[in-house]
Every structure is written in C-alpha cells, then in structure tokens.
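Protein chains in written order, with my numbering: chain A, 1 to 158; chain B, 1 to 254.
Think of the hints as simulated: they come from the structure by calculation, not from any bench. Incorrect hints may appear among the rest.
To be verified - Listed below are several chain A residues computed to face chain B (Cβ distance under 8 Å; list not exhaustive):
no., residue
1, 32
2, 39
3, 43
4, 54
5, 69
6, 70
7, 85
Said to hold, decoys possible - Straight-line distance between alpha carbons at most 27 Å, and here's what the computed DSS-like set of lysine-lysine pairs gives:
no., chain 1, residue 1, chain 2, residue 2
8, B, 238, A, 63
9, B, 231, B, 114
10, B, 253, A, 63
Stated by the list, open to error - Every beta carbon over 12 Å from chain A, so not counted as near; a handful from chain B, in silico:
no., residue
11, 19
12, 184
13, 190
14, 191
15, 192
16, 193
17, 206
Note that the Cβ used here is the ideal one computed from N, Cα and C, for glycine as well.
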Amino acid sequence: MIFQKISAPHKTETAAPVWEPYEIRPDEVETVVGPSVNVEGDFASEGNIVVKGSVAGSVHTSKHLSVEVGARIMANVRAGSAKVAGEVRGNLRLKESLELTASARVVGDIEAKILVVEAGALIFGKVAMPGIEGIEVKGGKAKALPSRKAENAPPPAV
Amino acid sequence: MYVYLYDQFLRQRQYAAVARAIEISLTDYGITGKILRLNNFIDVKPLIDDEVKRGAKTVVIVGNDKTFGAVLSRSATCPVTFGFLPIGPGNTIAGVLGIPVGGGAADVLSRRRKERLDIGWVNSRYFVSQLRVPPARVEVFYDDRFKASANDLLEVVVCNLQPFVWRRHGRVPKSEVVHPQDGKLEAFLRPLTKRRWFGYRYEEPSIFPFTEMMIRGREPFVVAADGKITKEREVTIKLARAQVEMIVGRDRKF
C-alpha cells in the first residue's frame with residue numbers, strides 16, 4: 001500500500017477562469033494622468049496607465065488601466081485589464097478582467113472576460129462576456145440556443 | 001588616445017586634491033591623455049572635431065552635471081566615445097550612469113564598458129540631462145495624437161539622463177529615474193493651482209513617455225535645456241535614438 005502509485009485525479013469539469021486582483025508596482029507604471037490635468041484625443045500607451053485627472057477622446061492600452069477615485073474618462077476604452085474607481089462615460093472593451101469598486105460609475109457597454117463588481121458600483125449599459133455566445137433575444141426575453149454539438153449529435157437510440 | 005575636458009571650476013583649490021588623485025589613478029591604468037581646460041568662451045564642438053582629426057578616440061568630461069550637459073549638447077554628433085569623471089557637488093547623472101564621484105571614477109573609465117544612449121533634440125540642438133519649462137500657460141501635444149493641458153499654470157520637465165526629483169507636501173522628496181535606452185523620453189507635467197489666498201501649490205506630477213512632443217503657449221515662455229535658457233512660443237522635442245556612445249559603470253540604473 002505504501003508503494004502504491006498515486007494516480008492523478010481526473011478532471012471532470014473545465015476550469016473556470018481564475019481572477020486575481022491586479023496590483024501595479026510603482027516601477028511598472030508608465031503613464032500617469034495626474035489630478036488637474038486634462039487629456040484630449042487618442043490617448044494610447046504601450047504600458048500601464050493610471051488616470052487621476054480627466055480624459056476625453058479614446059483610451060487604448062494593451063496592459064492595465066487604473067481609473068482612480070475622482071478621475072473622469074469621457075471616452076471609449078480598450079485595455080488588457082482595468083480597475084475602475086472613478087467615472088467612465090463610454091464603452092469598455094477589455095481582453096481580460098474588469099474590476100469595479102464601490103465608487104465606480106460606468107455609463108456605457110462593458111465587454112470583459114471576467115467582471116468583478118463591488119457593492120455600490122453603478123452601471124448603466126449592456127454587459128457582454130465571451131463564453132455564452134448564441135443568445136437569441138426575442139420579445140425582450142433572452143433564450144439560449146442549443147449548442148452546435150447537440151444539434152449534430154445522432155438521435156438517441158430507442 | 002584620450003582627451004580630458006576639465007571644467008573651469010576645477011581650478012579652485014578645494015578640488016585640486018581630488019583632481020590629482022584621479023590623475024594618479026589614470027597614470028596607473030595607463031589611460032592618461034591631453035588635458036584641455038574649458039571656459040565660458042570655448043566652443044566645444046570644433047575643439048573635439050580638431051582632436052578627432054588628431055586621432056582622439058575617447059573624450060572624457062571632468063566636472064559635474066552642468067559640464068556634462070554643456071559638452072554633450074554641442075558635441076553629441078562627434079564620432080567619439082565619451083567618458084565622465086564626476087567631481088564636486090551637483091552630480092546626479094553620475095549615479096544613473098553608475099560612476100562613483102571622485103577617485104573611483106577612473107576605475108570605471110579603465111574598464112571601458114560602453115553603451116549607446118538616447119538623447120533629446122529640441123529646436124535644432126541636443127539636450128542630454130534635462131529640459132525644464134517653469135510654470136506657464138502652455139499646452140502639450142504628444143505625437144500628434146493627444147493634447148494635455150491644465151486649468152492654470154503647468155510646469156513641464158523632460159528628463160533624459162538627469163532624474164526628476166520633486167518635493168511632496170510635507171513628505172520626503174521623491175525622485176523618478178528614467179531609462180536612457182528605452183527609445184522614449186519621459187515628460188513630467190506638474191500643474192500649479194491657486195489655493196485661496198495662500199498662493200500656489202504643485203499637484204502630483206503626470207508622467208507621459210513620448211518620442212515627439214510639442215509645447216505651445218499663447219505667450220512666450222522660458223525653456224531651460226542643459227543650463228541654456230531661451231524664450232520660445234513653440235518648442236518641438238524629439239528623441240535621437242542611440243546617438244551617444246558612453247562609458248558606463250556596472251552599477252548603472254538602466
């Protein structure tokens with residue numbers, strides 16, 4: 001019994017995406033929009049962005065975006081991941097996760113793989129998450145379509 | 001062949017001992033060379049060009065940040081390797097380059113660890129250490145894509161080799177060291193806002209990395225680049241990638 005080989009446990013279910021809060025280290029910050037600074041136009045960066053002031057136009061980064069308390073973004077946002085504690089008026093498209101803290105105000109559509117909403121956050125807009133495509137909306141009620149695998153499967157033997 | 005450019009402040013008696021110690025170390029390492037003493041009326045560019053024609057391969061700047069900026073802003077295009085022997089106060093660039101101030105610098109110079117560094121280009125001349133626009137009503141345009149402005153006055157500091165140090169309200173001064181090989185220059189924007197009757201107060205700085213930037217003001221504003229002060233209405237700042245070959249230390253911060 002002692003020398004019995006321990007077999008690895010079988011994975012029966014697919015693993016759900018795991019979310020871990022993103023902590024920006026001070027040396028990772030590349031672009032900072034400080035308080036009392038207004039940015040207008042296509043604001044793009046290759047690194048992490050921290051917004052403490054106001055931005056109007058569009059925001060794009062492949063990495064992390066942090067919108068601090070009191071910050072205001074009047075723009076469509078595309079980012080790798082984001083943490084919002086301020087106000088965003090525009091659509092948010094994120095490759096990975098979006099975290100909304102209690103002070104967050106979002107007016108616009110959200111598209112993210114992982115969405116974390118703290119109690120008190122306000123959202124006005126549609127929320128779409130990849131993973132449940134094929135939802136048909138009829139008369140205001142969402143109805144899940146049968147998956148393609150189920151359609152192509154042979155009928156059960158009687 | 002080595003050429004040493006001594007700043008004029010090294011004539012002072014207090015620096016004689018350090019300068020002598022460095023010269024002895026250079027003799028020990030076998031890297032002595034011609035010594036040229038700078039003054040306010042010497043243009044460095046033709047001086048270095050003449051020495052290059054005579055066979056100089058390495059030009060060593062002896063002095064502080066001011067000397068470093070003054071020499072390299074004029075002679076960045078010269079086809080030589082630059083070295084630096086920091087002496088005296090006002091040496092912040094030496095720490096970034098990993099060169100100890102005083103006698104130990106000769107040791108770094110003798111090892112000849114060379115790196116190519118980015119420098120800045122402002123209105124048809126180079127700047128190496130830092131460019132500063134004191135608080136003024138200006139707008140900053142980045143790479144023709146977006147514009148940054150403040151409600152009131154705005155201070156702009158573009159750092160290349162000299163780190164940006166700012167004093168936080170009632171706390172320890174904070175410094176931000178920039179990377180001279182990342183292919184970008186860093187601009188630090190600090191709005192100066194009015195606080196009731198108690199004068200003005202600096203806000204926390206914004207940081208924007210860029211390759212091309214334009215500062216525009218409705219009224220002429222002061223620009224200080226490497227100690228040279230001018231008044232402009234529009235300034236274009238660009239990055240000159242890997243323009244200068246420099247001897248650096250092992251403990252450099254990039």
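Here is what the structure says about each hint:
| no. | hint | result |
| --- | --- | --- |
| 1 | 32 | 4 Å, holds |
| 2 | 39 | 5 Å, holds |
| 3 | 43 | 5 Å, holds |
| 4 | 54 | 10 Å, violated |
| 5 | 69 | 14 Å, violated |
| 6 | 70 | 12 Å, violated |
| 7 | 85 | 16 Å, violated |
| 8 | B:238 / A:63 | 25 Å, holds |
| 9 | B:231 / B:114 | 36 Å, violated |
| 10 | B:253 / A:63 | 24 Å, holds |
| 11 | 19 | 37 Å, holds |
| 12 | 184 | 9 Å, violated |
| 13 | 190 | 8 Å, violated |
| 14 | 191 | 4 Å, violated |
| 15 | 192 | 9 Å, violated |
| 16 | 193 | 6 Å, violated |
| 17 | 206 | 4 Å, violated |
When the structure is compared with the earlier hints, violations turn up for hints 4, 5, 6, 7, 9, 12, 13, 14, 15, 16, 17 and for no others.
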